[in-house]
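**Student:** Which chain is which? The protein sequence lines are R and C, in order. Start counting the first sequence at 1; every next residue gets the next number (my numbering). Start counting the second sequence at 1; every next residue gets the next number (my numbering).
Keep in mind the hints are simulated off the structure, nothing from the lab. Glycine included, each C-beta is placed from N, C-alpha and C at the ideal position. Among these hints, one or two may not hold up.
Stated by the list, open to error - Label pairs and their calculated CB-CB ranges:
1) R:R58 - C:A192: 55 to 63 Å
2) R:R32 - C:L54: 23 to 31 Å
3) C:L59 - R:V192: 52 to 60 Å
4) C:T29 - R:Q114: 42 to 50 Å
5) R:R85 - C:T251: 53 to 61 Å
6) R:G43 - C:E96: 54 to 62 Å
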Amino acid sequence: MNQAPPIIEISDLNYAVGGRAIFSGLDMQIPRGSVTAIMGPSGTGKTTLLRLITRQLRADSGKVRVGGLDVDSLTRPALYELRRRMGMLFQNGALLTDLDVFENVAFPLREHTQLPERLIRQLVLIKLQAVGLRGAIDLMPAELSGGMTRRVALARAFVMDPEILLYDEPFVGLDPISMGVILRLIRRLNDVLGITSIVVSHDVQEISSVADLVYLLSGGKVVAQGTPQQLQADKSEVVRQFMGGLADGPVPFHYPAPDYFGELLARDGPT
Amino acid sequence: MSVLRDLRSSAVDTLATVGELAALLVRLTAASPRAFLRIDLIGAQIYNAGALSLVIIMLSGLFVGMVLGLQGFQLLQRFGSEEALGTAAAIGLVKELGPVVTALLFAGRAGTALASELGLMRATDQLSAMEMMAVDPIQRVVVPRFLGGVIAMPLLAAIFSMIGLYGAQLIGVQIMGVDSGSFWSQMRASVAIGDINEGIVKSLVFGVACSLIAVYEGYNAVPTAEGVSRATTRTVVNSAVLTLFLDYLITASFL
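Whole structure, please, built from the sequences with the hints as guidance.
**Tutor:** So, in structure tokens, the structure goes:
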């Protein structure tokens, strides 16, 4: 859907933890300037995928290219250089608990720039205004609600004006109002700042309302991709199970287990 | 056979830990010069590890000194040489009790705080968030804490010894009636600079050992509630054992 080369390209990615394959031959392209949603049942490795894109983890084999760079071959300084072009919103916000809101948002500026204090203050105020929390500037992370924490973390994630913003489960545990606020922010930041957004989530309805493109992961592979409308109309079983929230289907309700009756009747537990 | 196998695997684990500790020490040492460019970060950690430990160090120093005064007086009285109490207390405190007891208290007060703080930062993704902001957590978080501990420890040991000496004097001179003049003059005459050096070397080495163990355990903690609590426990246990072991080595090397 885009002529420009994709900003993130993943090809034939394999990754296993403790002998269990998380990804086997994953392929994915994320177009520049879009909001791309990565959806899938819990445990399919959505968060792991973000960590592989940012090289917090290394793939067993396959290529992950971000902005044309092969992340696996980068030296540490080059990796840090690349990460300065990305912002990531962690599931729990991951604010530094010993710093107040202002210092949390100012943290990347202080670490990476020599800007005068006045300018740092202005930049932080602008970002906090964008997430609606300019009034909370003096609060400590412990004094913030879940939704506020995530908004402060979001302000911190884009304070360095990144090209890519990654959101790890941004809606988990939020009330509908906070959820709506975060949804609108994702779309607005993406369009106003002209960045690329990648949202990992399993909140089908919510994310469908803002995403341009959806990848549905299951069993270590992309099982469906397209616009939210295309996925809603998709007739395949996996997609219908996930989009419709059905308990059983290709993704089984039961975790693999030995025979039920055999186990109930066994005297001394599993043999 | 399984006992032997367990023994072997725990020996291998211990060796691996020692190796990782050594590697971390090298990394921290290499990163230290640059950390002094951000002296405010180190200052904050000296405050956390040092100033916040002052009360427990001073109180313990006072009581240890008072016991030393009492026991020393009882013992020396048998030989009719109570005047040597000053010497005995000073040497005991400066060479042995000051550095060792301070290190043990330091591990319990500052070491556990460090380990649990780093462990919780790991568990709540704060360290990953720094990595993602292209900030090296070792340089930004671990090194200042390590240096703060290394700098605070000798200062605490010196304060411990000083207060301890006051406590010994309080009991020996004020209560038991040892002559004040001979208490101080004998002490000054017979405590050599070598004794003080030994105390300084010990407190420096213990400071490095306890701070290193605390940041190692915290930084590598399993990111769960149980993992953090285990890291905290191991910090105290390993610091205590290593301190006493190193104490013997240093004492022997100064003979």
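**Student:** State for each hint whether it applies.
**Tutor:** Evaluation of the provided hints:
{"no.": "1", "hint": "R:R58 - C:A192: 55 to 63 Å", "in the structure": "57 Å, holds"}
{"no.": "2", "hint": "R:R32 - C:L54: 23 to 31 Å", "in the structure": "57 Å, violated"}
{"no.": "3", "hint": "C:L59 - R:V192: 52 to 60 Å", "in the structure": "59 Å, holds"}
{"no.": "4", "hint": "C:T29 - R:Q114: 42 to 50 Å", "in the structure": "27 Å, violated"}
{"no.": "5", "hint": "R:R85 - C:T251: 53 to 61 Å", "in the structure": "55 Å, holds"}
{"no.": "6", "hint": "R:G43 - C:E96: 54 to 62 Å", "in the structure": "56 Å, holds"}
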